[in-house]
Each structure stands twice: as C-alpha cells, then as structure tokens.
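Colleague: First to last, the protein sequences are chains A and B.
For the first sequence, this note's numbering begins at 1 and goes up steadily by one.
For the second sequence, this note's numbering begins at 1001 and goes up steadily by one.
Estimated spans, in silico, between C-beta atoms of each pair: (1) V281/A to S1230/B: 30 to 36 Å; (2) P141/A to H1075/B: 56 to 62 Å; (3) G121/A to S1196/B: 42 to 48 Å.
Stretch-level coverage of chain A by chain B, calculated; a stretch enters the list once three of its residues show a Cβ under 8 Å from a Cβ in chain B: (4) 94-101; (5) 112-126.
The hints are simulated quantities; they were obtained by calculation from the structure and are not laboratory data.
None of these values were measured; they are calculated from a predicted model.
Just so you know, even glycine gets a beta-carbon here, dropped at the ideal spot from N, CA and C.
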Amino acid sequence: MPLLEIKNLSVTFKTAGGEFTAVDRVSLNIAPGEIVSIVGESGSGKSVSMLALMGLLPWTATITADTLRFNGQDLKTISKKQLRQIIGSQMAMIFQEPMTSLNPCFTIGFQLTEALKIHLGMNRAERKKRAIELLDLVGIPEPQKRLAAFPHQLSGGMNQRVMIAMSISCNPLLLIADEPTTALDVTIQAQILDLLLKLQKEQNMSLVLITHDMGVVAETAERVAVQYAGQQVEKQLIKGLFSDPHHPYTQALLNSLPERSTSRILPSIAGVVPGQFDKPVGCLFSPRCQYATELCRSTPPVEASPAFGRALCHYPLAGGLPTNYPEEVSA
Amino acid sequence: MFLYFIRKLGVILPTFFGVTLVAFVFIRTLPGDPVLLMAGERGMSDERHAALMAEFGFDKPIIVQYGLYLKQLAHGDFGHSITTRKPVLEEFLTLFPATAELSLCAMIIAVFFGLPAGMIAATRRGSVFDHTVMTGALTGYSMPIFWWGLLLIIFFSGILGWTPVSGRISLLYYFEPVTGFMLIDSLLSGQEGAFSSAVSHLILPAIVLGTIPLAVIARQTRSAMLEVLSEDYVRTARAKGLGPQRVIGLHALRNAMIPVITVIGLQIGVLFAGAILTETIFSWPGIGKWMVDSIFRRDYSSVQGGLLLIAAIVMFVNLAVDLLYGLINPQIRHTD
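All chains should be built: construct the whole structure from the sequences, respecting the hints.
Modeller: Here's what the structure looks like:
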C-alpha cells in the first residue's frame, strides 16, 4: 500500500479575474522510503499541489481530488484539527527561503521544540535534549549555543539546516522539500542535498523533492513527475527520463542543461508558462513546442500509455523523435 | 542596550530645550497679560500695573526673561503660578494623577478593544466583521471629541441617567488620596459604593478619550497583521501543525506588534491633547483642564511649566516604547 496516494488533485484559485486552475488533475503515489521528484518551471503548480496536500493554501483556493490518502487516513474527510495532528509530525515540509521561513522574533530553540511539545508532549528537559540532538544530526556545530540564537544571526545554509531539523523533529514518514536549495549558494546546495538524502536513508522516510533543477533530480530521485502549467506531463523512472524522455517539454528541459549543450549558446525554451489569461485551448505546451501541429493547438492531448511515461502528448517521443507524427522530422 | 538608551537620551535633551523656547514664546504672543486679567473689569492704574509687572519680572526684555527662566529650570524650579502663588510643580503633581488615571484607562480601553478588533478583521479580511470594524474605526477617528463627548453625555447621563455628568466621584464620598488614582483610592477607603461611583464617573470620559487611539490601533493592527500573515514564517508555523490561535496569537502577533507599539507610543501625545477637551467637557480635575484655565488667566509660569512637563512625559513614554521594541524584535536589539 502506498504511503501517499493522490489521484486527480486539482486546485483552483478565485481571483479578481475569475477562476484560475493552478493544479490540474495531478496524480502521485509514493511508497514508504521512496524518493520522488517533481520538476517543472516556476508557475507549473509544483508547490501548490504539495501545499494543498498539507492544507496550507489560503482560503481563496478550492481543492478537489478523487483520492487524497496518507498513511491510511483520508485527508479529504478528516477535520482541520485532525489534519493539524498529521502535518508537522507524520508529514512535514521545508521551504525555499530559509531566511524568511523562520520567525525573526523567536529563538532557534523555541521554534525547533514547538512541534515536539504539541505533537509528542515532551517536557522542557526532553525537548532541549532532543533539540540539541537534532541540531547535531543536521550538522550544526555547537548546538547547545545555537538554541538561544535568532535566525538573523545564522547564515542561509545554517537556517535551512534548522528548517530541516525542525521538519524531521517528530520522525515524519514523509518529508516534502520545496526547492530546498534554490536560495542557497552553490557550494551549500550540495551539502544540503546530501544531508537530506542521508536523513532520508537513516530515518527511512519518503521524500518528495520539488525542484526546477534537473541536475538535482539526476542526483537524488528514483522517480520523477514532470509538471507543466499545473498538469503532469510525464512520469518516469529517473534512468528512463534522462535517456529517453517521452514528452517534448521534458526533452526541452534536458536540452537546456548546460552540461548537455553542444553549441556555444546555451539552449533555452522560448516563451513562458501560460498564466490565467493566455491558456491555450489545446495542449498547454503547444505554443512553445517545436513539434506542435494544428491538432496540438486545437485539442487537449490524452495521457499516453505507461510505456510512454504517461506523457500528456499527441505524439509522445521515443528515442528523441515523435511517434505517429504526420510530418517527417529529423532529430 | 545601554548605548541605545544613551543615544535616545541625546535626542531628547535638545527636544526638551526646544520645547522650553516654544512654550515661552507661545504664551507671550497671546494678547493681554496676567496682571491685566487679574485686575478684571475694574482695571487698574498704569502705575500699579507697571509695579506689578516689575514685581513678576515682566518688565525686563524678553530675552533676559527667557535666560532667567532657563536658569531657574536648570535648578529644577518651574516657578510659581501667578494666580495661586503655589509652585507650578506642586500644582501639576496634584492634578496629574487624575489625568494619568483617565489616560491610562482610555489607553486600556483602546488596546483592549483595538488590538483584537484589528486582529480578527485581518484574519477575516473582506468579511462583514472586517468592514464593520474599519467603518467604525474611520467614524471614531473622524468624530470631533467634544461632539462625541456631548453625545455620550446626552444619551447615557441625560436620557438613560446611568452615569453622572461631571467630576471624578460623588460628593458623598471623601477620603485622603493615597495613590491619586480614584479607582484605587476608593477601594482602599473601604467605603461602600465609592468604587462603583468612581467607575461610573470615569467610564464616559475614558471612552471619549480612548476613541481615537482605539481607531488608530485597530487600523494599524489590521494592516500589520495582514502583512505578517502572508509571511513565510507564518506558513512554517502552520506547517508544524500549530492551531490558528498559536499561529496568529503568537507567531504572527509578535511580529505585527512592532509597528503597533510605535503607534501606541505616538498615541500618548494624542491622549494629552485629547485630555484637554475631554477634561473640559466632563469637568475632570486634571492637567488638561488646568492648562486651559491657565491659558485663560495668562498664567505664564503655569502654562510654560505644564507644557514642559507634558512634553517630558510624552518623550519619556516614547523612549520606553523604543526600549520595548528591542524586547519584541531581537533584530533591533542586536544591531543597536
């Protein structure tokens, strides 16, 4: 039985200009101890889908799903109070900006031990002991001293370590890391990723890694879901994704990796993710797709077979070339 | 923290000096002089007038008078009231507890209702409650104090007869002041009914005086709260599984309080200004009413001394507020 089961999760926001669908029928299963990555550009609804799962979206969001199960509990039917007992303990999340994700008015120690108090009911001495243990676990030197420090006295990397310590404090079954390295220096990024992977292995927790960095995906995940404009466009094992992408968007993402570049000018995907007012009628990627045909522009594609990574494409790629394509193309 | 204090004090001293000058010049620009007003309608001869002016030292050039006044102040002497001949400081200290009690109660009302109203309005942005609070705040802020005071007197004292019209306590009760705060003294006196009499005298003026600060605090709390609620650390707090009370009442409020505290500090000055009108309307025997009377009597030394002391109190309260920031916001504490 999967630890997390999401089927057809959609999130719409009420805005002044009407309804905006940020997440469109996303499905995801995660087994215990598994690492899954969600990739896509900014605005593709990666974070929103996970925030919806955690119940952290503002009231302007409407969440619908066929299935939303975590560890045997139906998240669709449980009360807000019951959800609060799950998040922060069994299911935890870390965010992109460590410097702003910690409260400037409270000490590291206070923020670190809050979850221990409400979820595990530990007393003061136990909490302090556990806090020191956690800071040590995430590689913060002199943890005893750091407990009394305020977030602004630590660096971004250190703060992200504190965030990680905070999220794993109650030994969660699932950790969602929302672009945990994006705001950090490149040298620190690798350290934080290594730390997350080490902890994932030690605690045998499932890890969802949200990122737009294909390099990060390659180093960490076992399975990948590629998301574009709120839709999942492809789901694959990491190996297959890099060697044989089935969706043109995945291919374009991989082609824009600097290390894969063959020309002197770095390739990029022209255009931006469509927003509320410029959503295409057909395939959402069609305006930016090099293979787009009249069919793509007029009719939304259906999901391809698992052999094609469930690609949301009229002409899923195989070996780098579109299949059933009406015209001749050269790779 | 000590250096921070010293630096703030360095700002206060020049300000205090400026206030002496303003107070000194301002009262002398008013037409008439204290001697003429003391003589009343009967008037007095020019010789007698000149003699009295000389007695008070008003015949010397203004600049000399100011110099002498500063010298006096440097010795901690605020001078004597021209009309009552009592030391200004003594008069001020006798009347100040009444104003302090009124202002404190007004502020308590303002904070006690303004803070939660702003908080709830922010968490339910766009709701009926939010609109009601914001409309109410705007109305309260725009309403002239004297008119609002009279409305309340007409309704509660006149029509309903619930509260007395003026004074601090019913004439039936008498006891020696211990703290100067009528609420506390009436309790200490042990006289039956004294406390409730003091409360019924205090409640209307405190509401009138507290209305503008209440409106300002509610609006400021709402906007500060709205800003803070969209911060990442509030999301982090919720992601921990904390309940809304803890997220809003602790994580968000602590941060939202920083601008709100500033506004509360600034309202102290507003309170003293408002006390002048409120005390006059309710015949409240405090320094506001005393200042108005002193101005009418051209009691130079009382007006000067009163203005200086009020300014000093406002400045020191604001200094205390500044120090309070440091306690709430560690970032300020560590950079200064």
